[in-house]
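S.K.: Assemble the dimeric complex from its two separately framed chains, guided by the hints.
From first to last, the protein sequence lines stand for chains D and S.
Under the working numbering, the first residue of the first sequence carries the number 1, and numbering increases by one thereafter.
Under the working numbering, the first residue of the second sequence carries the number 1, and numbering increases by one thereafter.
Please note: incorrect hints may appear among the correct ones.
Derived DSSO-like pairs: lysine-lysine, alpha-carbon spacing no greater than 27 angstroms straight-line [claimed, not checked]:
hint: 1; chain 1: S; residue 1: Lys41; chain 2: D; residue 2: Lys97
hint: 2; chain 1: D; residue 1: Lys141; chain 2: S; residue 2: Lys154
hint: 3; chain 1: D; residue 1: Lys221; chain 2: D; residue 2: Lys127
hint: 4; chain 1: D; residue 1: Lys257; chain 2: S; residue 2: Lys41
hint: 5; chain 1: S; residue 1: Lys33; chain 2: S; residue 2: Lys153
hint: 6; chain 1: D; residue 1: Lys141; chain 2: S; residue 2: Lys95
hint: 7; chain 1: S; residue 1: Lys153; chain 2: D; residue 2: Lys246
hint: 8; chain 1: S; residue 1: Lys95; chain 2: D; residue 2: Lys127
hint: 9; chain 1: S; residue 1: Lys33; chain 2: D; residue 2: Lys60
hint: 10; chain 1: D; residue 1: Lys127; chain 2: S; residue 2: Lys78
hint: 11; chain 1: S; residue 1: Lys97; chain 2: D; residue 2: Lys79
hint: 12; chain 1: D; residue 1: Lys127; chain 2: S; residue 2: Lys154
hint: 13; chain 1: S; residue 1: Lys72; chain 2: D; residue 2: Lys257
hint: 14; chain 1: D; residue 1: Lys111; chain 2: D; residue 2: Lys221
hint: 15; chain 1: S; residue 1: Lys41; chain 2: D; residue 2: Lys127
hint: 16; chain 1: S; residue 1: Lys41; chain 2: D; residue 2: Lys144
hint: 17; chain 1: S; residue 1: Lys41; chain 2: D; residue 2: Lys141
hint: 18; chain 1: S; residue 1: Lys97; chain 2: D; residue 2: Lys246
hint: 19; chain 1: D; residue 1: Lys61; chain 2: S; residue 2: Lys25
hint: 20; chain 1: D; residue 1: Lys127; chain 2: S; residue 2: Lys26
hint: 21; chain 1: S; residue 1: Lys147; chain 2: S; residue 2: Lys41
hint: 22; chain 1: D; residue 1: Lys47; chain 2: D; residue 2: Lys127
hint: 23; chain 1: S; residue 1: Lys78; chain 2: D; residue 2: Lys111
hint: 24; chain 1: D; residue 1: Lys257; chain 2: S; residue 2: Lys147
What the hints contain is simulated information worked out from the structure, not anything from laboratory work.
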Amino acid sequence: MQLKYVTMSTNIIILVLIVSIIWYFYYRIRENQKKKELLARKLAYVKIKKIEIPEKIEKKKEIFYELNTHPIKLSLYSKSCFHNYGLARIYQNIVVKTYWLNEPFHSEFSKLLQFIGSNNLWIRDPKTREIIINVRDNNNKLSKKISMTVLSLSEVLEDTLNELILYLKRQNIYAQYDIQNAILSASIYILSQSGEIDIISKTLGIIYSDQEGLQSALIEKICGDISSETKNNLIYNDYLNSIPIKEIYNQILFDSKQYPYTFSVDNPTTPVIKLLSYLPKKQLISIC
Amino acid sequence: MLDEQITKTVPSNVDLIEIPVIRNKKICFIRAKERVDADKKSYLRSILIMVGDELITTNFADTVVFLAEIQKFERGNKQNFYTSIEQHNGNINLKLKLTSVNVYISSVEALAITTMHKHALQGMSLIRIIEDELMLTAETIALYLHKNKMLEKKE
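One chain only, chain S, in its complex shape (with noise of 0.2 angstroms):
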């Protein structure tokens, strides 16, 4: 009972990770990592995706939404949450449904995604990512980036 609570809560002890993926479209995945200094392991929180200045998921249920709509790739439908398949000279491509810029992935990307994102789980314990999730709200998450020093400019 009181595991389950403190796991709810905003714990201190975790960090985030960014992970780029597709360097030249800044996609990148962001990582969060509990690490337990007691039982010297770290446990995997959360991952969510990040396009440019653009957080797309806040939880790890919806990450595995996108990351599924893009392996189907031109098997989805106009059902797809977060991608549009389009067409342009004969090469089918998806569009990520974005706020300000526009964002197109080839194939090649999408199978580049897809294998990252089955790395970014190695070594880590996936224990607490299922059932204790890290229940992200806006605040936490621009708390979380400003600890770890991602909301500065880069240049």
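Bound-form chain D, shown alone (with noise of 0.2 angstroms):
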């Protein structure tokens, strides 16, 4: 009997266990389906999530239109040309600056300023003293010399330009024809004043009369490519001469700056006036 009861309880003992162990294997997978069911879920919902979520836009590249600010470039005359700072300002400020790049009077106006620089011109001050010098050297050598004050031609050239041109926005006058040729008009005038003037006229082979003879001479032989009618409006014209370029040329003379000079009277060495055989090219030059 008690051997029944034992074999009973350890059969129920194994019953148990086996039932136990199958209840742990069908929750267990159980667990596993809904973990699986919650991961896709999760799946599904971060995937809602993703289309959502707006993707980040992309910034459009800024376009940078580059505007054409490298410096213009002119076909002018260098500086250099010019031998002389005062001459080289003349022609910045007008040239360059009114951009009177006009074919006749750019090339004919920087060639008449070049013939001025080359050779460095005076003009007689009037209110000089002349006072001869009587110089004897080591070697018993008498020698006799004229010592008296000049200016400087481009000094006076440069003021007077510049005093034309107030007086003709004065007046009114802004036609470019009109400026250009009181300009040159004027320059010749004062080219025309220098104290080397006779030596210029033998080497450029002028031989003159009167005053205006001279400045039409000097223009033929200097600036040549003027053409005809304007080489008559620089002097004779009457418009031309109602400008009062003397008498601002004379205003200038007692203003300008002094220098002392000598020359010596019995065998004077005279200046060689260089002649603009050579004409250097113009380049392309920037300007600012």
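M.R.: Shown next, in the form of structure tokens:
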């Protein structure tokens, strides 16, 4: 009887164990299924979320439109052709700043400036006193020299042209042709007043009787490319004669700087006038 | 050595001063005076003679020769460099050898010039005039004349 009970109890225990094991496995499988479902749901949720979040908008690259700001280049004569700071300043103020690059004027005016710059020309000072100096050196050589004060022609030219342009503005004359002609005629007039005009006319082969003849010959020799109409306008035109070039010039003579100058009387070493046989070419030069 | 070099080149502290001697004939001395601020002294560097618009002498030795010719007056001879003796209506005069104008000097004026020269040397140190005289060329004279405003027209 007792044995029966023992077998019964062991059977029951085994059964319970088996049932518990089966239950345990079943439970595990169900949990796994639940986990899988949760994962699937989570994944689905994440996918939905991914769709909902708007993707980052790619910023458009800013396009820089480069403006055409590189320095403008013009075909000009370089500053070194004028041999003089004052003349280079005249060229800068009259030709470059105003863009007066129209052809007969530009090249002929700069040719005139180069002629003045290559020969250091001077004008006799109206206030000067000529003093003769007798110098006896150690070898008992007596030499006579005359000393006086002179004015630099390029300085006088710069001042008169500035004054002339101011005068034309005051008189409301703005026509390019008129101003250019006035500038040319004033500069030719000042060149004809130079102290070395005899040597200049000899080297250029000019024979003249009066002042106007000298000026017209100078224009033909130095600025040959100007048309004959403007050549006549420069000197003989009544309109241009109405501009008081001579008065402005005479005013400036009394204000400009004086320099001492000596030249020998007995054997004058005549200064050689350099003619413009070789003209420097124009170059592409940037302004500003 | 260095002192010699400095004194013989063109110094900037030299002034030319005009001393009128005979006004109606425009005869005057030109005194080159060097002012040294450190020593508080002024030295005489040269004396020149100007008649009208012409500088006759340009160094001190020539000036001395000119003054000697004037001092001797009629006792000079044909070797005179700057003057020639001329007789007019019984009066003996000295004619200056100039380029453009004729200037005659009487005996009284000659005396005046010599006495004025003595006065012109007074009160100045003569040390530098004999050994370290200014070596003036025409260009440097023109420069000094311009600096002292003597190249301007007188009215």
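S.K.: Each of the hints needs a verdict: does it hold here or not?
M.R.: Now for the hints, and whether the structure bears them out:
no.	hint	result
1	Lys41(S) / Lys97(D)	56 angstroms, violated
2	Lys141(D) / Lys154(S)	31 angstroms, violated
3	Lys221(D) / Lys127(D)	32 angstroms, violated
4	Lys257(D) / Lys41(S)	33 angstroms, violated
5	Lys33(S) / Lys153(S)	23 angstroms, holds
6	Lys141(D) / Lys95(S)	22 angstroms, holds
7	Lys153(S) / Lys246(D)	22 angstroms, holds
8	Lys95(S) / Lys127(D)	30 angstroms, violated
9	Lys33(S) / Lys60(D)	85 angstroms, violated
10	Lys127(D) / Lys78(S)	40 angstroms, violated
11	Lys97(S) / Lys79(D)	52 angstroms, violated
12	Lys127(D) / Lys154(S)	9 angstroms, holds
13	Lys72(S) / Lys257(D)	46 angstroms, violated
14	Lys111(D) / Lys221(D)	11 angstroms, holds
15	Lys41(S) / Lys127(D)	35 angstroms, violated
16	Lys41(S) / Lys144(D)	34 angstroms, violated
17	Lys41(S) / Lys141(D)	35 angstroms, violated
18	Lys97(S) / Lys246(D)	41 angstroms, violated
19	Lys61(D) / Lys25(S)	95 angstroms, violated
20	Lys127(D) / Lys26(S)	19 angstroms, holds
21	Lys147(S) / Lys41(S)	21 angstroms, holds
22	Lys47(D) / Lys127(D)	104 angstroms, violated
23	Lys78(S) / Lys111(D)	58 angstroms, violated
24	Lys257(D) / Lys147(S)	13 angstroms, holds
Hints 1, 2, 3, 4, 8, 9, 10, 11, 13, 15, 16, 17, 18, 19, 22, 23, counting from the list given before, are not met by this structure.
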